[in-house]
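Student: One-letter residues, chain by chain:
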Amino acid sequence: MTATYDSNDDVATLEEALPLEALPLDAWHRAQGARMVGFAGYHMPIHYDGIMAEHSWTREHAGLFDVSHMGQIGFSGEGVDEALEAMLPADIKGLKPGRQRYSMLLDQDGGILDDLMVARPADGAFDGAAIYMVVNGATKYDDMAWMIEHLPDEVVMNHMDEQALLALQGPEAGEAMAALVPGTADLTFMQCGAFDWNGVALWISRSGYTGEDGFEISLPADAAEGFADALCALRQVKPIGLGARDSLRLEAGLPLYGHDLTPAVSTIGADLGFAIGKRRRAEGGFIGHGRVMKELADGPGTKRVGLKIQGRLPAREGAQIFVGDNLVGEVTSGGFAPSLGAPIAMGWVSLPHSALDTALEIDVRGKRISATVVPMPFVPHRYRRATA
Amino acid sequence: MSRYFTEEHEWIDVEGEIATVGITDFAQEQLGDIVFVELPVEGATFDKGDDAAVVESVKAASDVYAPISGEVVEANGALEDEPALVNSDAEEDGWFFKLRITDMSELEGLMTEAAYKKFVAAL
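Read top to bottom, the protein sequences are chains A and B.
Going by our numbering, 35 is the number at position 35 of the first sequence; the sequence numbering is gapless.
Quick note, our numbering runs 1000 ahead of the 1-based positions in the second sequence.
None of these hints come from the bench; they were simulated from the model.
Careful, some of the hints might be misleading.
[What the hints assert, rightly or not] With a cut-off of at most 25 angstroms between alpha-carbon atoms, the simulated PhoX-like pairs for lysine-lysine come out as follows:
#, chain 1, residue 1, chain 2, residue 2
1, B, LYS1098, B, LYS1117
2, B, LYS1098, A, LYS367
3, A, LYS367, B, LYS1117
Input sequences plus hints: build the corresponding full structure.
Tutor: Structure (structure tokens):
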């Protein structure tokens, strides 16, 4: 018996040649009974108790995720807003202190090089960064090379590789976090700020990638174990591995870079147009603007869609999507959705076949299974939004 | 009845000319939560080493090979409704399929339970 597919397959193959590195919480994960796998160049926990149990725990209580493999970057220097706007489609100038936004790095053709978060700490609140960015782990070095090339010398880019990054996610995350850091109770979705826990400086945003309420916490690597222990001592919190992180984000309809998003696809096709505001669309002045405007006018060639699968057989990444004999697309993420008790998938299909309720067929090992285009998220988001 | 094991983490119970095949407890633990098992149809014939079934866990799909040559006489229908049986009872109720053995001499290359335990301990 051998695994024919694994969500980490491509990464594992790439890294066979390179030794995996240890993250700050490596020993802590092992002490918690984690099964470790290679991911994005690091040893990371795939699960502790089992993916299903961890998935359900996060949907019902609060799960602690180690995402220290991700790239944390601080930007400062003269003209940083203008410089970042020339590179990113995000409205940086309109980003208020203590706010965070989802954005992406685009290449000249509008292909997606990475997706990311940008935040503006209040003056001096976080390590002197005027703008704080979090990018994907597997792409961080390529991102930084791209950014060095596309930012002026006046802008200083600081790879904050002494910082660990944790995520606390789930309906009880608010309660758990407030027990350790009371001030976080006031944060709403996509707000962020500097906090203190027993003299440790924390940078916390109310955000995450599971569809649940929760937080992402940047903190010095040497304080990560203590903070993780303090969180896991709370009755609401258990550590959760990469496996459940993947099934949770898939149910939440959130694309995973390197799978659902690649340089071959565009922002509008990916249904991520929300990340490009009115002013940026109208004024342009960022890399890849032409593609965005063209696709807003003419429509993208292919679109990222949600797929509901009939039966119990999961359709996984790489499975081809058909209408009759015509190949119309490909599954880019797929698996069993623990919260729904059924397989779901995300994929790219050509525009004429991307409308909601379109009936499609997916080839799984020579068998055609029925699928329907459905709206995402598959499981409703439960972010704590500001009630205006 | 004798039980044999393979390096691919399958167990084989042999009773007369019929072999019952499943995956080991070690294998189910490695795979994690099993959500679907694709079983062979009755009457299918396999050579030793052919792909005979697919087991889907939350995170991956894995092939199960025919540990010996034979013809499928029965597949475990209980797994259709309850694939998690493979997790809860891999080496009994979670069996996959039964084969009519083509060549009894193929059994000679398989491991005993003691040998398999040693094999797993060395992994």
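Student: Please go over all the hints and tell whether each is borne out by the structure.
Tutor: Outcome of the hint check:
no., hint, result
1, LYS1098(B) / LYS1117(B), "holds (23 angstroms)"
2, LYS1098(B) / LYS367(A), "holds (23 angstroms)"
3, LYS367(A) / LYS1117(B), "violated (36 angstroms)"
Of the hints listed earlier, the one the structure fails to meet is number 3.
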